[in-house]
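J.: Sequence:
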Amino acid sequence: MTLSVITVNLNNGVGLERTIISVISQTLNDFEYIIIDGNSTDLSPDIIKKYEKSISSWICEADNGIFEAMNKGIHLAKGEYLIFLNSGDCFFSSDVLEKFILTNPIHDIISGDILIKHSKYNEELKKSPDFITAKYLINDYIPHSATFIKRSFLSKSGVYNENYKIISDWEFFLRALLIYNASYFHLQECISVFQTDGISCKAENAEFIQNERDQILRTTIPYFYQDYLYFKQLEVDKENHRISTLKNVILFTKETIRKLNKFLLKFKSKSCSTIRKIVHEKNCNFV
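Its first residue numbered 1, the sequence shown is counted upward by one per residue in this note's numbering.
Because the hints were derived from the structure by calculation, they are not lab data. For each residue, glycine too, the CB sits at the ideal point set by N, CA and C. Hints are not guaranteed to be accurate.
Here are the computed lysine-lysine pairs in the DSS-like style, where the Cα-Cα straight-line distance is at most 27 Å [to be verified]:
hint, residue 1, residue 2
1, Lys53, Lys117
2, Lys99, Lys53
3, Lys135, Lys99
4, Lys127, Lys117
5, Lys126, Lys165
6, Lys50, Lys72
7, Lys49, Lys72
8, Lys135, Lys150
9, Lys150, Lys126
Each pair of labels, with its calculated beta carbon distance range [claimed, not checked]:
hint, residue 1, residue 2, range
10, Ile106, Gln215, 29 to 37 Å
11, His118, Tyr180, 18 to 26 Å
12, Asn64, Tyr121, 18 to 26 Å
13, Ser94, His118, 20 to 28 Å
14, His118, Leu43, 20 to 28 Å
15, Thr27, Gln188, 16 to 24 Å
16, Arg218, Cys60, 19 to 27 Å
17, Thr103, Asn163, 30 to 38 Å
18, Glu52, Lys78, 14 to 22 Å
19, Ser94, Asn163, 32 to 40 Å
20, Ile116, Ile21, 14 to 22 Å
21, Tyr121, Tyr180, 38 to 46 Å
Sequences and hints are given; from them, build the entire structure.
T.: This is the structure in structure tokens:
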């Protein structure tokens, strides 16, 4: 079995070199490495040429965004499975690809875990779900750089939608798993290290991402989206009712309200009756 590792880059020479070294240091020999560069004006082209002997194929030309570049990589790929490791990100260890091959993979989408580096001293492990549900996919995400995608499945599901500029990978997984019924498996291994300095993590893109997200939900999975909105509103109504009921339990002063609101944060997951009982028991702490 062959694998295709695809890296997309634009003007991130330092990150690109870090990614290249991570890929070519893998203990597995039987895989191809593809780099798609968006006609970078920094040192990226020179870095690609520096490691050219270890790169199966590469393109350096202008494109219309990340997902057009990824689709170019897909069209070049020959591996049975693809994984995208974009510039700046790295494999978690040198034997990640070898461990993946040893699992004898058969599923359409195989997702491992990812180490998210917020800063030099702040990192967290993001685990993929053991089972996929519509609720999970709508409210959360599968880590793209920790996910292997069977190339033959893409002829059924289609590639990345280039109309979306930042979260088309999220749209792809919604489409693949909820519409095209891709088979899924959680690989219990940390696959990659993700740096939070990319376009999807920038605060100034938050509103744009939310707009893309709403559009994707409305157009890609409208039937799930309506259920999502319905149950989300039910949760809001339930929470408002719970708080309202609780506030009627005791007599209030301004200080009482302040303390109670602080108290409520500790018991968000508890039922109204449970909280009422707790408040009655601790009534003396509020008045």
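J.: Does each hint hold? Answer for all of them.
T.: Hints, verified against the model:
no.	hint	in the structure
1	Lys53 to Lys117	violated, 30 Å
2	Lys99 to Lys53	holds, 24 Å
3	Lys135 to Lys99	violated, 30 Å
4	Lys127 to Lys117	holds, 14 Å
5	Lys126 to Lys165	holds, 23 Å
6	Lys50 to Lys72	holds, 22 Å
7	Lys49 to Lys72	holds, 19 Å
8	Lys135 to Lys150	holds, 24 Å
9	Lys150 to Lys126	holds, 22 Å
10	Ile106 to Gln215: 29 to 37 Å	holds, 34 Å
11	His118 to Tyr180: 18 to 26 Å	violated, 33 Å
12	Asn64 to Tyr121: 18 to 26 Å	violated, 37 Å
13	Ser94 to His118: 20 to 28 Å	holds, 24 Å
14	His118 to Leu43: 20 to 28 Å	holds, 26 Å
15	Thr27 to Gln188: 16 to 24 Å	holds, 19 Å
16	Arg218 to Cys60: 19 to 27 Å	violated, 37 Å
17	Thr103 to Asn163: 30 to 38 Å	holds, 34 Å
18	Glu52 to Lys78: 14 to 22 Å	holds, 18 Å
19	Ser94 to Asn163: 32 to 40 Å	holds, 37 Å
20	Ile116 to Ile21: 14 to 22 Å	holds, 20 Å
21	Tyr121 to Tyr180: 38 to 46 Å	holds, 41 Å
In the structure shown, a violation is registered for the earlier hints numbered 1, 3, 11, 12, 16, in ascending order.
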